[in-house]
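> Sequence order for the protein chains is S and X. Count along the first sequence from 1, add 15, and you get the number used in the working numbering. Count along the second sequence from 1, add 1085, and you get the number used in the working numbering.
Take every hint as true, because none was put in to throw you off.
Which chain X residues stay away from chain S? Per the calculated CB distances, all over 10 Å, these:
hint, residue
1, Ser1103
2, Lys1105
3, Glu1107
4, Lys1149
5, Asp1150
6, Asn1155
7, Thr1167
Cβ-Cβ distance ranges computed for the label pairs, FRET-style:
hint, chain 1, residue 1, chain 2, residue 2, range
8, S, Asn69, X, Glu1144, 30 to 38 Å
9, S, Ser43, X, Ile1097, 39 to 47 Å
10, X, Lys1127, S, Asp26, 19 to 27 Å
11, S, Thr118, X, Thr1102, 29 to 37 Å
Source of the hints: derived by calculation from the structure; they are not laboratory data. Built from N, CA and C at the ideal position, the CB exists for glycine as well.
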Amino acid sequence: DAKTTQPTSMDCAEGRAANLPCNHSTISGNEYVYWYRQIHSQGPQYIIHGLKNNETNEMASLIITEDRKSSTLILPHATLRDTAVYYCIVRVAGGNEKLTFGTGTRLTIIP
Amino acid sequence: GAVVSQHPSRVICKSGTSVKIECRSLDFQATTMFWYRQFPKKSLMLMATSNEGSKATYEQGVEKDKFLINHASLTLSTLTVTSAHPEDSSFYICSALEQAFNQPQHFGDGTRLSIL
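Using the sequences and the hints given, assemble the complete structure.
Encoded structure:
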């Protein structure tokens, strides 16, 4: 699986949009971009994934650049409960491919 | 959404005890489940991939005789830490992969294991 690079930490004011960047410059054509988050002392929570088109669900939006070398996860109206470590992972869809977690971005929502 | 239940959530045992952790997919079938381990302030490290009806595949450096994995049905995988010692104390997390194409892994809430 391609490697990803994320900032170590970020702060965001409550109520504002949180934009979390991820670089994946070696991504292959059949690899998807997945985002998970882990709130302290809990298991990771799936957020969203996409291949090349932008995606939106009830939790977040995923913007993938045209060359697919980077992406941004957007939490439109951050709340204190969004404080967590966010992981950007690329993997091939289908089959039994494992997820390789990097260090992620520690997002802190400031009241 | 897909739910994965992990039990127990916390275990405190004496050294030398064997501990079994269960991972269940509650509303979907999972031919593949994964077991991870996480030390404080570190990221998740994959220990093994568990396939229903066959032997688990262990990552390099993970002792298969120490961490026994059984995946007897499409909704249940178990991890048994045998003869646990204090260095086995960690946060153990399972995930399950739906059989359908392009579905994400869903994670349990983890088991915090403390060996005294």
